[in-house]
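Asks: One-letter residues, chain by chain:
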Amino acid sequence: MTFRVALVGMPNVGKTALFNKLTGSFQRVANFPGVTVEKKTGWISEHGQRIIEVIDLPGIYSLDATTLDEKVTKDFLLQKEKERLADLFVLVLDATNLDKSLFLAYQLKELGYPLVIALNLMDEAHKRGFEIDLAKFSQELGAVIIPTSASTGAGLSDLKNLLKTKMGQEVIPSIELPQNYQKVFRSPPYVNGIFKKVDSLIKDVTLSPLRPDTFSERVDHLVLHPVWGILILFLLLILMFQTLFTWASPLQDMLESGFAFLSEIVSTYVQNDLLRSLLADGIISGVGGVLVFLPQIMILFLFIQFLEDLGYLGRAAFLMDSFMRKIGLPGKAVIPLLSSHACAIPGILSTRVIDNHRERLITMLVIPLTTCSARLPVYAILIGALIPNEPFMGMSWIKLPGLALFALYVLGFVSALIVSLVFKKSLPQSSPSMLLMELPPYRIPKWNNLLVVMQNKGKIFLKKAGGIILIVSIVIWFLMTFPQQGGETQLEQSYAAHIGRFFEPVFRPLGFDWRITTALIPSIGAREVVVSALSMVLSIQEGTEGFETTMSEALVAQFGLGSLVALLIWFVFAPQCISTFAVLKRETNSWRWPLVMGTYTLALAYFFAWLARLLVNLWS
Amino acid sequence: MTINEAPLNKKLTVLSFTDDDVRNLSDLEARLMHLGFLAGHTIRVTRKAPLFKEPLLVEVRGRQVALSREEAMLVSVEVQE
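From first to last, the protein sequence lines stand for chains A and B. In terms of this note's numbering, the first sequence opens at residue 1 and continues consecutively. In terms of this note's numbering, the second sequence opens at residue 1001 and continues consecutively.
Honestly, the hints are just simulated from the structure, not real lab data. Fair warning: there could be bad hints in the mix.
[Claimed, not checked] Here are the simulated lysine-lysine pairs, DSS-like style, with alpha carbons at most 25 angstroms apart:
hint	chain 1	residue 1	chain 2	residue 2
1	B	K1053	A	K424
2	A	K71	A	K40
3	A	K196	B	K1011
The task is simple: from the sequences and hints, build the whole structure.
Replies: Given below as structure tokens:
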């Protein structure tokens, strides 16, 4: 059996950075069984051989766990998991904040865990004048202590060597839990007793005390300022929003032309008509249509991790918390909600910054209502058909279509807020909704750590959403292509059209005929596809000159004003693309929540589309 | 008084969670206690968030901890002379 080492420590002590440094690219991110808490496993390798397995446990303050993340770590440590306990525990301490880290150290020591201590952030502590009697420190805690710096890599080879020597020694951990330990861990005398030991230990081993962190204090003066603080927050959020749209677009264009090129190669070299159509129209364009969002996902996570490592994320939550709480969401939900305007998938993935699982769930459920960028082509073509390109009330700088687009954004965002209020009232409270958090000192983010995180997020998206997207792309292609007549595809005769006709009566109150319901089928894969699907049912050649004008005229002539407005409103609420469902399923670990999300968005879409058509018909 | 009623930037002594406290503490209370909100400790309210005057930022055991109003209401304190 491989030698197993678990990293334990408080949040924000640089534990994950140390983990990334120790294991490099040899790591795997999965969930702990039954819950959506990330479990990171990695390997220390030598000459390409994996020799030591390393588990990065979620940060924990003490063995008296309150949040789900902490419970996972506690269950692992107290062997409530079926999983094998680690052979050795590396306790990561923060040298710039010894007091905070030592509580857990004493607890683990007293219970008899085989420990090695990594005294992290030692370089930073040195800079602030901190000197410590390491020999005495190590003696008092009864464990080998290695000063490390996850950012510079100092001390890491010492740590690895130590782990390797420990590997040879068979130590069977014997952990003794006091009776009714849960009550003991939570009693004031017990906590007070450990605090006293911690205080006297620090006094004993400190040779030269740490200078206070005046830098963070000065920065906070500005960053948490009632006026400047809010301004900085909004500038950062706008910057993030802009970045997702503008920086990602050249990369997206590159991916798009890559897929176009691939599709061309297939068209040239594959002789069989059916196979060529499957590969080019089905798989490459279907999967490609979703993969173009990969750059946005990776850039967003780069941005979020940067703010997290900098220490800003907690400050943003502090500033926004009381406002966001009024609508049932925590302060940290600002980031996922805003980023979902680019794409719901990174938005849902980034809800991991929210610690409370109920609040995280609410955020994930309302995210699909915000206007993602895949809706833009649909909005553009429908607004083009419905609204004349004229100035608003004689003001030449505001045009009606722009105003309509803005109104659709607002409609999406406001419905997200209202729906979150409804969920807040109706979902049962599981754990207390806590703000309670430490604001960490500011630190300069390290590029290599950011890159590892970004890479992992990209991998998760490809792995978890990729399979479903592939299957759905093939199914949709099949429905749109078959049955063929004399080797030719007739869309009107396809299975998709049959399904569209079948559902036509259901959608008649919205004014959708079978052509619209048929065009809605491929939009399950990716929303923007509905534009080309509509052009197919209207038999208009896409990509020709004046395509948009022809489309606009044909749409109004064929479907009428009321139905088009209904269709526009329909797209504000539904349908969600399949990747959103796939990611929500992964993040909540059940089909229940994707089902809830699908049902409520469909209901809203149906009702408001019906209402919109009614109003339009009354008015005209 | 409780932390949310305490004056800014004054040294405060925590009165909650004494050694002879035999109640079963809630998750939230336990978390507060583990952060150092424990009878006899000295703390200081350093900042209040804009707009709604909450959350509060409190210095405890050398750290800056953010508390919502509900959380601050769980800890009683008195101003040090």
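Asks: Does the alpha-carbon distance linking B:K1053 and A:K424 stay inside the 25 angstroms limit?
Replies: holds (23 angstroms)
Asks: Given the hinted pair A:K71 and A:K40, is their Cα-Cα distance within 25 angstroms?
Replies: Holds, because 16 angstroms separates the two Cα atoms, which is no more than 25 angstroms.
Asks: Going straight from one Cα to the other, do A:K196 and B:K1011 come out at no more than 25 angstroms?
Replies: Holds - the C-alpha atoms of B:K1011 and A:K196 are around 20 angstroms apart, at most 25 angstroms.
The structure agrees with every numbered hint stated previously.
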